[in-house]
Amino acid sequence: MQNILNTKQFSGKIVRLDFVIPYSEENRAYICFLSDLLQLSCQKYPTTYDLMKTMENLYDTAIDFKVVVQGDNLILRANLLYLNILNPDEELVCVELLKEIIIKPNLINNEWNKEDFDYVKDHINHEYKMYEDNHKRYAYHEALEFFAPQTGLGGFPYGNLKIISEITPAKIAEFHKYLLANAQIQYFGMGDFSDNFKQKIKSIFDIKMKKITPVWCNLKLNEKFQNKTRALKNKQAILHLSFKISDMTEYEARYVSPVFNDLFGGSVGTGKLFNKVREENGYAYYVYSKSIAFTNLMMVVVGTKNKSIDDVIRLVKEALKEIQTGEINEEFIKQIIEVYIKEIDAMYDNPKQLFIHFIKEYNGIDDSVDQQKEKFKQITKSQVIQFAKKIKMDAKYVLAGED
Amino acid sequence: MKKIFEFHDKLPCYLEELDNGLKVYLIPNQKRSTASANIFVGLGGMDNGYYRDDKFIKVPTGIAHFLEHQLFKQEDGEDIFAFFDRNGASANANTSHTRTRYYFTSSMNFLKNLNKLLSYVNEPYFEVNSVKRESEIILEEYQMYMDSSSEKIFNHLMKNVFHNHPLKIDVIGKKNDIKKITADNLYNMHNYFYSPNNTIIILAGNFDAESSLELIKNIYQNQKPIEIKRPQFLEPESVVKTRAIIEGDNKVPKFMLFYKIPVVKKDLEFYKNLIALNIYNLGLFGKTSEFQVENKIKHLIKNDIFDTWLVDNQLLWYIEGESSQYMLAINKIKKLITTRTISEETFERMKKIMIASYYPLVDKNAALVNNVYYYVSEYGTIFDPIAILNAMDYQEFLKRINTFNLNNSSYVVSKAKNKI
Numbered sequence: 092m093q094n095i096l097n098t099k100q101f102s103g104k105i106v107r108l109d110f111v112i113p114y115s116e117e118n119r120a121y122i123c124f125l126s127d128l129l130q131l132s133c134q135k136y137p138t139t140y141d142l143m144k145t146m147e148n149l150y151d152t153a154i155d156f157k158v159v160v161q162g163d164n165l166i167l168r169a170n171l172l173y174l175n176i177l178n179p180d181e182e183l184v185c186v187e188l189l190k191e192i193i194i195k196p197n198l199i200n201n202e203w204n205k206e207d208f209d210y211v212k213d214h215i216n217h218e219y220k221m222y223e224d225n226h227k228r229y230a231y232h233e234a235l236e237f238f239a240p241q242t243g244l245g246g247f248p249y250g251n252l253k254i255i256s257e258i259t260p261a262k263i264a265e266f267h268k269y270l271l272a273n274a275q276i277q278y279f280g281m282g283d284f285s286d287n288f289k290q291k292i293k294s295i296f297d298i299k300m301k302k303i304t305p306v307w308c309n310l311k312l313n314e315k316f317q318n319k320t321r322a323l324k325n326k327q328a329i330l331h332l333s334f335k336i337s338d339m340t341e342y343e344a345r346y347v348s349p350v351f352n353d354l355f356g357g358s359v360g361t362g363k364l365f366n367k368v369r370e371e372n373g374y375a376y377y378v379y380s381k382s383i384a385f386t387n388l389m390m391v392v393v394g395t396k397n398k399s400i401d402d403v404i405r406l407v408k409e410a411l412k413e414i415q416t417g418e419i420n421e422e423f424i425k426q427i428i429e430v431y432i433k434e435i436d437a438m439y440d441n442p443k444q445l446f447i448h449f450i451k452e453y454n455g456i457d458d459s460v461d462q463q464k465e466k467f468k469q470i471t472k473s474q475v476i477q478f479a480k481k482i483k484m485d486a487k488y489v490l491a492g493e494d
Numbered sequence: 017m018k019k020i021f022e023f024h025d026k027l028p029c030y031l032e033e034l035d036n037g038l039k040v041y042l043i044p045n046q047k048r049s050t051a052s053a054n055i056f057v058g059l060g061g062m063d064n065g066y067y068r069d070d071k072f073i074k075v076p077t078g079i080a081h082f083l084e085h086q087l088f089k090q091e092d093g094e095d096i097f098a099f100f101d102r103n104g105a106s107a108n109a110n111t112s113h114t115r116t117r118y119y120f121t122s123s124m125n126f127l128k129n130l131n132k133l134l135s136y137v138n139e140p141y142f143e144v145n146s147v148k149r150e151s152e153i154i155l156e157e158y159q160m161y162m163d164s165s166s167e168k169i170f171n172h173l174m175k176n177v178f179h180n181h182p183l184k185i186d187v188i189g190k191k192n193d194i195k196k197i198t199a200d201n202l203y204n205m206h207n208y209f210y211s212p213n214n215t216i217i218i219l220a221g222n223f224d225a226e227s228s229l230e231l232i233k234n235i236y237q238n239q240k241p242i243e244i245k246r247p248q249f250l251e252p253e254s255v256v257k258t259r260a261i262i263e264g265d266n267k268v269p270k271f272m273l274f275y276k277i278p279v280v281k282k283d284l285e286f287y288k289n290l291i292a293l294n295i296y297n298l299g300l301f302g303k304t305s306e307f308q309v310e311n312k313i314k315h316l317i318k319n320d321i322f323d324t325w326l327v328d329n330q331l332l333w334y335i336e337g338e339s340s341q342y343m344l345a346i347n348k349i350k351k352l353i354t355t356r357t358i359s360e361e362t363f364e365r366m367k368k369i370m371i372a373s374y375y376p377l378v379d380k381n382a383a384l385v386n387n388v389y390y391y392v393s394e395y396g397t398i399f400d401p402i403a404i405l406n407a408m409d410y411q412e413f414l415k416r417i418n419t420f421n422l423n424n425s426s427y428v429v430s431k432a433k434n435k436i
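Chains L and Z are the protein sequences, given in the same order. Positions 92 to 494 (our numbering) are the ones given, in order, by the first sequence. Positions 17 to 436 (our numbering) are the ones given, in order, by the second sequence.
No lab work stands behind these hints: they were computed from the structure. A couple of the hints might just be wrong.
Heads up, simulated DSBU-like pairs for lysine-lysine below, C-alpha to C-alpha not over 30 Å straight-line [said to hold, decoys possible]:
no., chain 1, residue 1, chain 2, residue 2
1, L, 227, Z, 47
2, L, 220, Z, 350
3, L, 319, Z, 433
4, L, 472, Z, 196
5, L, 190, L, 220
6, Z, 314, L, 212
7, Z, 368, Z, 282
8, Z, 175, L, 157
9, Z, 245, Z, 303
10, L, 144, Z, 288
11, L, 324, Z, 318
12, L, 220, Z, 314
13, Z, 267, L, 227
14, Z, 148, L, 326
15, Z, 195, Z, 175
16, Z, 128, L, 326
17, L, 212, Z, 195
18, Z, 433, L, 324
19, L, 451, Z, 175
20, Z, 318, L, 425
21, Z, 47, L, 220
22, Z, 128, Z, 168
23, Z, 47, L, 212
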């Protein structure tokens, strides 16, 4: 299968490099630190000003780095976004720039340059101080850490603060070397690429591509219901509920689970929670359920009053019970499936989604578009009920409100 | 249907204007798999009353937003969201200071969905119990916003900037007002503001223009226009208060600084001036600015945002960020703004950034719709920013940035109680 998706659908082009290493708490802290460092300079453009100026002159070509956790994999993702309409002769300059930034960092005596290092360290310290400030985001991250500890899914987004505090310019330079030597590397492209360009990009990266499939994170069901409450100065309480899905098959995860989530906690209209919690009782402005990718964890998130929490939990249980006992309209399931099938076609209007699907399909994480449509069509009411029966609530995390 | 504009990849934009004043903009694009339909009604958070027999009838604040929520409720109890879900569409609505927007995006049944959108926006049903329940939901939404320090700073700053302009009223309304809104209030506001001459419809993407237009005409052509009047007020150029420090629970002080710039006339000249101001803004505070070079070493300000916001007859240039040295940061920013210059080399580079930002617009229906609405609601026509940017030279830029009055500014800092 090709790793370049040729399409004339969009104005710009994207080239992506993924560096994949096994997840560990230490790797997470280091890779997050490195991700921030890489976008500041490189050997050829030793100051942030030089590097940014170069990109601005290339019609604001952008290179962004992101850290992603997929099951047991930790990924450093570098995206190059640029327009060829305005500078067709400089396509290769853009791709080579991406390579320069990643391969040849601005080191001094085998240590990361101090200016960039200090800047990132200060930035992370600042983000940590501000971590609690966005209550919704904080509660979500902390709830995830409580429900799925040490998986890299929750907690402070830069990782363990103690590990971060021990990172030095020499250690991060070592980690960079380790990453280049040990990570599995993939590159992908999407846009209107010429054959000549595809050949050149291949020679620039010189990577033997192979599929990378993460191992799912299978979380154990808590034997006893777990409960954690934290209080900040927020007026509204934010309730998170953890549900574990036992023995979930790949088919269920990819197809039945999204349909179930629409029926259960779809954020508008179709969801039982939306209707019971918000529309019928006015307990909340937002309520939704969400499956956490590459895990067997599902969460319900609600912003409500402290005094309504028990009522909300009762309604959540009631909604789940209704699905488990078949109180769902078969016609409704068919309509949801039809929407999913149409959404697969709609993906061709969204460059980001299309590219993500393309990469997932390459790695065998997604089926092809035709297979997806076929498999959605196969979903039955009894499959949804069976899936619902595998779901058990086992914990709650509350960021208590003042009211 | 008249072609009024062509985007850079030859994508056309058509306009059909009905006798009753309804304007319909159509941007058909067969390259897309989906289509987006949008109704913009000129009723926003700053409208808190209507005229009857030349008399202004005041209603509780937050009514435009409440109305947006309540329009989704149907007389027959049909769930509008479920309808759109069933028909392959994703629908929603939102309210700003100046308008309310209802929209859906779909990859199937476009006409059926369009029909539903047009009907529910035009056929209100406000039932007493439902209105009461909705106020509970909106109070939860209110509470959610009140938990955001950025939202609190913004609302406080709007009150410190505007003396009389209704922009100082929060879109969601006052807590006590939300509870007071009645079904009658909602009907009266709907009857007055949801008139064809106060509505703009924009369709973009893969849809059939002829049949869509026919459907829109069928629903709107018999509606009569209403002369929309708003209370007159005099807004001085000055701000109410130049500075304020409010209590927050944020660990690092957060601030927002507004420059209040009155807008006399919104025309092509003003638009070119605004483009020049945006170049200046990027040159002063963008990634390669001297400000950011220094900031990287001195760690003065984090998570900074700087942009301009044109709303009603006001232009706000805003800068926000997080800083424990916030006074140093604010003074530095204010000093830079008064220089009214960037180098010619910087000007040329910032032009490139701005030109590049307009190209991907045609890739997304939603971005196109927002863009078209911005132009037609603010200027009554669509301008070509790429052509304007290409034609602008350094001397013209310097001349244009000097047209703005930058004497009136106000800032609000939110910090923890023990640090005030």
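| message | Checking one constraint from the list: CA of residue 245 of chain Z to CA of residue 303 of chain Z, max 30 Å. Satisfied? | response | Violated, at about 44 Å.
| Taken at face value, is the distance from the CA of residue 425 of chain L to the CA of residue 318 of chain Z at most 30 Å? | Outside the cut-off at roughly 49 Å; violated.
| query | Between residue 148 of chain Z and residue 326 of chain L, is the straight-line Cα distance small enough, at 30 Å or below? | reply | OK: residue 148 of chain Z and residue 326 of chain L at ~22 Å, within 30 Å.
| Taken at face value, is the distance from the CA of residue 433 of chain Z to the CA of residue 319 of chain L at most 30 Å? | 27 Å, holds
| query | Straight-line Cα separation of residue 144 of chain L and residue 288 of chain Z no greater than 30 Å? | reply | Holds, at roughly 25 Å.
| field | residue 195 of chain Z paired with residue 175 of chain Z [C-alpha distance capped at 30 Å] | value | 22 Å, holds
| query | Does residue 220 of chain L pair with residue 314 of chain Z here, judged by a C-alpha cut-off of 30 Å? | reply | 18 Å, holds
| Between residue 220 of chain L and residue 350 of chain Z, is the straight-line Cα distance small enough, at 30 Å or below? | The hint holds at about 27 Å.
| message | Would the hint linking residue 227 of chain L and residue 47 of chain Z be met if the CA-CA limit is 30 Å? | response | Given pair residue 227 of chain L, residue 47 of chain Z is violated - Cα atoms ~38 Å apart, limit 30 Å.
| field | Restraint check for residue 368 of chain Z with residue 282 of chain Z, where alpha carbons must lie at most 30 Å apart | value | 25 Å, holds
| said: Just to be careful, I want the Cα atoms of residue 267 of chain Z and residue 227 of chain L compared with a cutoff of 30 Å; is the pair within it? | reply: 16 Å, holds
| query | Given the hint that residue 451 of chain L pairs with residue 175 of chain Z, does the C-alpha gap stay at or below 30 Å? | reply | Not OK: residue 451 of chain L and residue 175 of chain Z at ~49 Å, beyond 30 Å, violated.
Of the numbered hints given earlier, the model fails hints 1, 4, 5, 8, 9, 16, 17, 19, 20, 21, 22, 23; all others are met.
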